Amino acid sequence: MDLKLSTERGGIQSPSPVGVPNQSSKVTRLRSKLGAYGFMAPAVVLIVLFFFIPVIILFILSLSDLKSANFGTLQWWLPSNWSLVNYTKIFADRFFSKFLGNTLFYVLTTLALFNFGTALAIALLTTHINRRAGFVFRLMWLLPRLTPSVIYILMWRRIASRVPHGIINQFLGPLGITSGEDLVTALPWLFVIVVNGLIGASFGLVIFSSAIEAIPRDFLRASKVDGGSTLQTIRFIILPMIRWPILFVLTFQTLSLLTSFEQILLLTDGGPGLFRTEVWALRAYHLALSTESGNTQWGYGAAWAVILVIIGIGAAVIYMRVFKFDELVQEPKIDLI
Amino acid sequence: MKVKLENLSKRWGKVVGVEGINLDINDGEFVVFLGPSGCGKTTTLLMVAGIYKPSGGIIRFDGRVVNEVGPKDRNIGMVFQSYALYPHMTVMQNISYPLRLMKTPKSEMIERSQRVADMMGIGELMDRRPAFLSGGQQQRVALGRALVKEPELLLFDEPLSNLDARLRLSMRSEIKRLQIDLGITSIYVTHDQVEAMTMADRIAVMKDGQLHAYDTPTEVYDRPRTLFIARFVGNPPMNITEVDVSQTNGAYHASSEGLELVIPADRGEKAAAKGSVMMGIRPEDIMIDSEGIPGEVFGVEPLGRDHLIDVKIGDIHYYLLVDPSLNLKSGDRVKLGFNTKKCQFFDKKTERSLLWN
Chain C
0 MDLKLSTERG GIQSPSPVGV PNQSSKVTRL RSKLGAYGFM APAVVLIVLF FFIPVIILFI
60 LSLSDLKSAN FGTLQWWLPS NWSLVNYTKI FADRFFSKFL GNTLFYVLTT LALFNFGTAL
120 AIALLTTHIN RRAGFVFRLM WLLPRLTPSV IYILMWRRIA SRVPHGIINQ FLGPLGITSG
180 EDLVTALPWL FVIVVNGLIG ASFGLVIFSS AIEAIPRDFL RASKVDGGST LQTIRFIILP
240 MIRWPILFVL TFQTLSLLTS FEQILLLTDG GPGLFRTEVW ALRAYHLALS TESGNTQWGY
300 GAAWAVILVI IGIGAAVIYM RVFKFDELVQ EPKIDLI
Chain V
0 MKVKLENLSK RWGKVVGVEG INLDINDGEF VVFLGPSGCG KTTTLLMVAG IYKPSGGIIR
60 FDGRVVNEVG PKDRNIGMVF QSYALYPHMT VMQNISYPLR LMKTPKSEMI ERSQRVADMM
120 GIGELMDRRP AFLSGGQQQR VALGRALVKE PELLLFDEPL SNLDARLRLS MRSEIKRLQI
180 DLGITSIYVT HDQVEAMTMA DRIAVMKDGQ LHAYDTPTEV YDRPRTLFIA RFVGNPPMNI
240 TEVDVSQTNG AYHASSEGLE LVIPADRGEK AAAKGSVMMG IRPEDIMIDS EGIPGEVFGV
300 EPLGRDHLID VKIGDIHYYL LVDPSLNLKS GDRVKLGFNT KKCQFFDKKT ERSLLWN
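Sequence order for the protein chains is C and V.
Under numbering that gives the first Met the number 0, residue 336 is the last one in the first sequence; the count climbs by one each step, no gaps.
Under numbering that gives the first Met the number 0, residue 356 is the last one in the second sequence; the count climbs by one each step, no gaps.
Just so you know, these hints were derived from the structure itself, not from any lab.
A portion of the hints provided could be inaccurate.
Chain V regions said to be covered by chain C (calculated; three or more residues, Cβ under 8 Å) [to be verified]:
1. 11-18
2. 97-105
Now the in silico label distances, taken between C-beta atoms and shown as ranges [unchecked claim]:
3. V/G122 <-> C/F50: 39 to 45 Å
4. V/G37 <-> C/S31: 29 to 35 Å
5. C/D268 <-> V/D126: 56 to 62 Å
6. V/G12 <-> C/R30: 57 to 63 Å
7. V/V68 <-> C/E212: 54 to 60 Å
8. V/D26 <-> C/D217: 27 to 33 Å
9. V/E149 <-> C/L141: 44 to 50 Å
10. C/L141 <-> V/G37: 36 to 42 Å
11. V/V68 <-> C/P173: 43 to 49 Å
12. V/S54 <-> C/A42: 27 to 33 Å
13. V/E149 <-> C/L112: 41 to 47 Å
Computed from a prediction, not measured in an experiment: that's the story for all the values here.
Ideal Cβ placement from N, Cα and C applies to all residues, glycine included.
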């Protein structure tokens with residue numbers, strides 16, 4: 000049966016005289032298609048239920064003016080209640096440039112110093128020392144990521160709090176470096192970036208170190224014999240060979256930093272003062288989900304979030320097309336001879 | 000440059016890589032490290048390159064101890080089995096890489112790289128990437144990169160094992176000719192005894208991390224120092240059999256089941272002192288001889304120019320090469336003559352040759 004089917008498909012030049020084998024081949028084809036869809040169904044249902052539908056609702060919400068004041072009376076799902084007012088409001092916001100600037104500063108600084116910089120430095124370091132020691136060292140860098148956010152942030156609050164509780168103050172206070180005040184309030188950006196960066200570095204660290212370890216040793220030996228110092232070997236051989244993982248980490252982490260806000264929420268809540276560390280995603284949260292202001296603006300907040308979603312989808316398309324992300328996942332893009 | 004290894008060892012914890020290697024390499028000499036995989040030949044080479052640090056012993060370049068000198072400061076060129084051509088660089092960039100690291104002025108860098116590439120016959124491939132080259136071309140680029148900084152020592156780690164048989168043959172003679180022309184001291188690692196025999200000035204035969212012999216190819220073939228070398232070098236391999244050697248009436252006799260040979264005094268004297276020893280004789284030193292010892296043909300393998308036949312004398316098999324026109328078949332009775340001037344004798348316990356010292 001199977002054999003017949005395959006010759007049927009291949010042999011276009013000999014049209015089958017009777018309909019019977021054709022019909023059975025159609026059934027088999029249908030069955031194999033159903034099988035494929037059957038296996039994909041759970042994932043498709045999940046994606047539709049928890050991504051596509053929420054995004055559509057979010058988008059519709061962003062066109063409406065739903066807020067706690069008119070909740071229950073505004074029929075936000077009716078197109079007659081839709082407009083682009085929320086979007087023009089975003090750009091007209093008095094603090095728009097502040098939020099945008101905060102976001103860019105937060106994303107670029109954290110990315111450069113930690114999610115990329117520290118990750119690469121530690122990856123290079125741990126792949127140049129004893130293998131087991133390197134592994135243990137890398138494992139330690141995963142701890143911040145493994146710790147629940149609330150506990151992790153509470154820990155930092157305690158580390159940075161004022162005398163006599165703060166650990167940093169206890170050490171640096173007597174040396175006259177700190178004056179004993181609460182350090183998160185005194186240096187909010189420093190702590191926002193360090194606290195997030197220590198979590199974020201582990202992602203790039205894992206990707207970079209496995210990419211470096213995948214480089215065949217002969218290349219590194221050849222470079223040394225050719226006269227290369229360790230730094231020259233890193234610059235001329237290792238970095239070019241892991242350029243795809245580097246691009247991947249840079250783009251993926253940019254996106255991840257753009258949309259993450261819970262550490263900032265817990266650490267500074269966007270303060271101190273007026274929006275000192277308020278980033279885009281946190282702004283969306285505050286408007287749409289925080290009840291502290293007494294007036295929760297679901298519609299307006301949704302518009303802030305939609306812009307992040309659009310950036311995210313755009314980046315996803317870029318991954319697929321430009322960086323050929325699917326190929327990247329299949330095998331390391333270190334081209335071997 | 001002269002290279003001297005003194006009592007060189009490499010251990011990883013309890014695992015022994017190589018143990019107590021002593022070796023002298025003269026200026027301009029071509030030395031081959033020969034041995035089966037895992038014998039420590041590459042480990043030794045990597046220590047000479049400076050990539051592995053010795054656990055014990057001393058490496059000297061022209062008398063200077065280089066144990067603590069990094070590979071980049073040893074002025075060596077190396078060709079890897081995998082070629083290790085940098086895939087993101089063109090042929091030009093690959094060849095000029097060692098010069099770039101020395102911060103050579105650009106025009107000089109290009110000129111020297113082009114000259115080496117022309118010498119290697121790949122001068123017109125400079126803009127290609129390694130992935131777009133054939134195996135033989137990649138091999139030449141690897142050689143060019145090793146030669147471009149005019150090293151004082153060339154190291155080869157099984158450079159021909161990834162090439163097809165014909166290309167291997169031509170590259171073999173090309174490398175040898177190049178080495179003679181340039182006169183650069185060279186160490187060449189291989190498990191291929193033909194490569195070793197054809198290219199080497201001297202062969203260092205290694206096994207289980209130890210140096211078994213360090214002799215000229217002729218000595219390695221004609222007077223192997225250990226039973227291992229006798230078995231390893233030569234194709235078809237040497238016949239090895241257990242014999243009793245005794246002296247009667249001033250003549251030395253080697254005997255085993257159905258075999259009785261008179262052997263020259265210079266070869267038999269030490270063997271007679273031991274009594275029971277291992278005797279080795281190469282297939283080409285056994286021939287069909289109407290005056291010889293009777294046996295029965297057990298198997299015939301046509302090799303083209305010769306037939307390799309397996310003859311049973313008693314219960315022992317002897318391999319020899321015969322003229323195909325004799326048309327021998329299994330079951331034929333033949334008589335064998337032995338060229339006893341080429342007999343080898345080995346101590347059964349130490350497996351060392353009784354022909355040396």
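Tell me, which hint numbers fail for this structure?
1, 3, 4, 7 and 12
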